[in-house]
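Just need the whole structure built from these sequences, with the hints factored in.
Going down the list, the protein sequences come from chains F and E.
Offset between the first sequence (1-based) and the working numbering: plus 398.
Offset between the second sequence (1-based) and the working numbering: plus 398.
Everything hinted at is true.
As the list makes no split between identical chains, a pair holds if one copy fits it or if it spans any two.
Taking lysine-lysine pairs in the DSSO-like style, the calculated list, with each CA pair at most 27 Å apart, reads: (1) Lys610 with Lys479; (2) Lys631 with Lys519; (3) Lys672 with Lys657; (4) Lys665 with Lys435; (5) Lys519 with Lys593.
Simulated from the structure, these hints should not be mistaken for lab results.
There are 2 protein chains.
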Amino acid sequence: MNTVPLNDLTRLCIHTITTKPWSIEEAAKNFSASGVKGITVWRDALSGRNIKRTGEMLRQHNLSVVSLCRGGFFAWREPAKRQAAIDDNRRAVDEAFELGTNLIVLVCGADPAQSLEDSRKQIQEGISLVLPLAESAGIKLAIEPLHPMYADTRSAINTLTQANTMAEALNSPWTGVAVDVYHVWWDPDLENEIKRCGRNNNLFAFHVSDWKSPTLDLLNDRGLMGEGCIPLKMIRSFVEAAGFQGFIEVEIFSNEYWKLDQSEFLKKIISAFKTYV
Amino acid sequence: MNTVPLNDLTRLCIHTITTKPWSIEEAAKNFSASGVKGITVWRDALSGRNIKRTGEMLRQHNLSVVSLCRGGFFAWREPAKRQAAIDDNRRAVDEAFELGTNLIVLVCGADPAQSLEDSRKQIQEGISLVLPLAESAGIKLAIEPLHPMYADTRSAINTLTQANTMAEALNSPWTGVAVDVYHVWWDPDLENEIKRCGRNNNLFAFHVSDWKSPTLDLLNDRGLMGEGCIPLKMIRSFVEAAGFQGFIEVEIFSNEYWKLDQSEFLKKIISAFKTYV
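This is how it looks when you write it as structure tokens:
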């Protein structure tokens, strides 16, 4: 595998949700002091804040604002909910613009009250309706395939194949794909689909964490890189062979790690990033 | 969809693990009294019993012994563990023969200490080494693709595509596939792969349950048919269009249902079978 060791932190981005106990101001200060260069902002971290000034604060800490998480949840059986989702995604575009990032990650949604096919049609329609505003604001939209264990309520797009197909159907430089190892590591088509993603200039983001054995919670038991079975270096070699040299984003939801002293957790993240990614 | 309503119980099979609080003798008595016609036996239910006489007991209750669950767990980084697995699967063939069933379901295994590709090679090799004994005993082996959330430790075969490919590579009338809706419902290739499975005479078993939202436990929170989002009638129409007319097996692992009075649970199963499958 052709991966260069990650000896410095120039490509390290951390999601605000990874250190959820910290406010965005605490996260910015601590990430920056540790040499982290990128931050992805979850919308809840912006609650009650002036978004533009928060973006300036992040840049004053020498942090690139890699993306806004998350838009999506387009799939609803009830038309009123679909319209509300489109409105909310347009707000997310405004927020991303204010914040000064050029990327929104989409957790596309699924409604267990209807078929996955119907959910996928609604997702594609929803993205197409948000796309003109995103384009005018210079904001890219990344379709994130989610692990099949989230096919009931979180996303009807469960493989990179499906995400690539939808991004290509939308046929815009403003739509692409986010590759999160937690969701796709098991996929036998992964290498080929990452190649396809790169060929079409659709590889917008790369998220890392690990899969623990056992996993005790479907949502909030992700592992730190190196403590699970995901072949991180191999998947990084795939995305880099496909032309991706952007930030490597640490996105860990973990009841266990959120209980830790977050400064200790940040040290563990940095060490794991250098050793296992 | 071309499914005939299941107005009687001639195709209903229940796994012993579904009503885990019952001994196999209690299960046999209660299933039989309720008109259930098939039983799939988990190996733990045979513990401490004479297997041949247990099989006779089941048939005296007019129960077809649909399959023995489960063989498999072939994938191990350590060669000694692989050999132990092969030995254990040969014992399972003997047990199936004694019990008087002609089918073993394989949960093929995965070892998080190695790649999924290596695990799959070991699975195929393991099955091929057990196959001569299975053939001589008249026992079929069904490869069950497991949901990708079990790719770490339970199975490196996570799609019906992979199961079909391996069954075809083994190229024997004694190897085929078990389709369990819980594992495959999310798969965009499901209909085509069920067709492929049928075309090759590899559709050996059909298991039902449901996917609850939320799912609180990765292993033991399966739903009763009708209480989740799995399109059961649609998937039954796929397997029947592919030529399958065998038993429909209810396999539910549920901490919640195991706490119920099992006679009440059995009534719920029968009602759900007629209404939602």
